[in-house]
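Starting from the known structure of chain F, arrange chain E on it as the hints suggest.
Just so you know, the protein sequences line up as chains F and E, in that order.
Residue numbers 1 to 114, in the numbering used here, belong to the letters of the first sequence in order.
Residue numbers 1001 to 1113, in the numbering used here, belong to the letters of the second sequence in order.
One should not assume that every hint holds.
As the list claims (entries may be wrong) - Now the in silico label distances, taken between C-beta atoms and shown as ranges:
1) F:S7 with E:N1099: 25 to 31 angstroms
2) F:E15 with E:G1014: 42 to 48 angstroms
3) E:Q1056 with F:S74: 38 to 44 angstroms
No wet-lab data here; the hints were simulated from the structure.
Since we're looking at a predicted model, the values are computed, not measured.
Quick reminder that beta carbons are idealized off the backbone N, C-alpha and C, glycines included.
Here is how the chains run, residue by residue.
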Amino acid sequence: QQQVRQSPQSLTVWEGETAILNCSYEDSTFNYFPWYQQFPGEGPALLISISSVSDKKEDGRFTIFFNKREKKLSLHITDSQPGDSATYFCAARFYGGSGNKLIFGTGTLLSVKP
Amino acid sequence: NSKVIQTPRYLVKGQGQKAKMRCIPEKGHPVVFWYQQNKNNEFKFLINFQNQEVLQQIDMTEKRFSAECPSNSPCSLEIQSSEAGDSALYLCASSFRQNSDYTFGSGTRLLVI
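With the rest of the complex left out, here is chain F (with noise of 0.2 angstroms):
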């Protein structure tokens, strides 16, 4: 079954503080995972990605740890400042399929408070 799903629902941290958003899944084909940031009434925006060669890729404040094994992803944020406060959606696709349909995760809203 093509799930994507995504823990807490709802995180809220302090200024200058680290954000850990968790993202798991269970079709074993998908192998490229993009984050995409969403902000009240916009589209949403692709953060940072990570295919599954890899373990980590870093952007910024922004970093992604893969576990292939366990089929787990988390979003580090670093030093989060209120700008980064945003609904976060974890996505999944098989990368070289035809069509490019990605799965989402329901999202994680963050809050970061001043």
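Same frame as chain F, now just chain E:
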């Protein structure tokens, strides 16, 4: 400042009415996707195109939705007979290739009353 332009931003329709929304993909992106995002943040893939050709679509899209991406015109998604359960944010996205990352528009929020 999305490069994928969706219109209208908001759409209110009565049950049974047609609802039509449009999307201009990012320049140079021949692959277009439509997703439905409901109030529970569940994303449902509806249909995708490469140029004017349908690549994939779900059953619901085949039966009650119609979509097209004509050359030199905006892509469109139309619900033939709106139902209350169709109330959602409809997102259009485009990409350079089938396996490229894609860019989403800001969406059309449909309310069926």
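Which of the stated hints cannot be reconciled with the structure, identified by number in ascending sequence? Violated hint (a single one): 3; every other hint is consistent with the structure.
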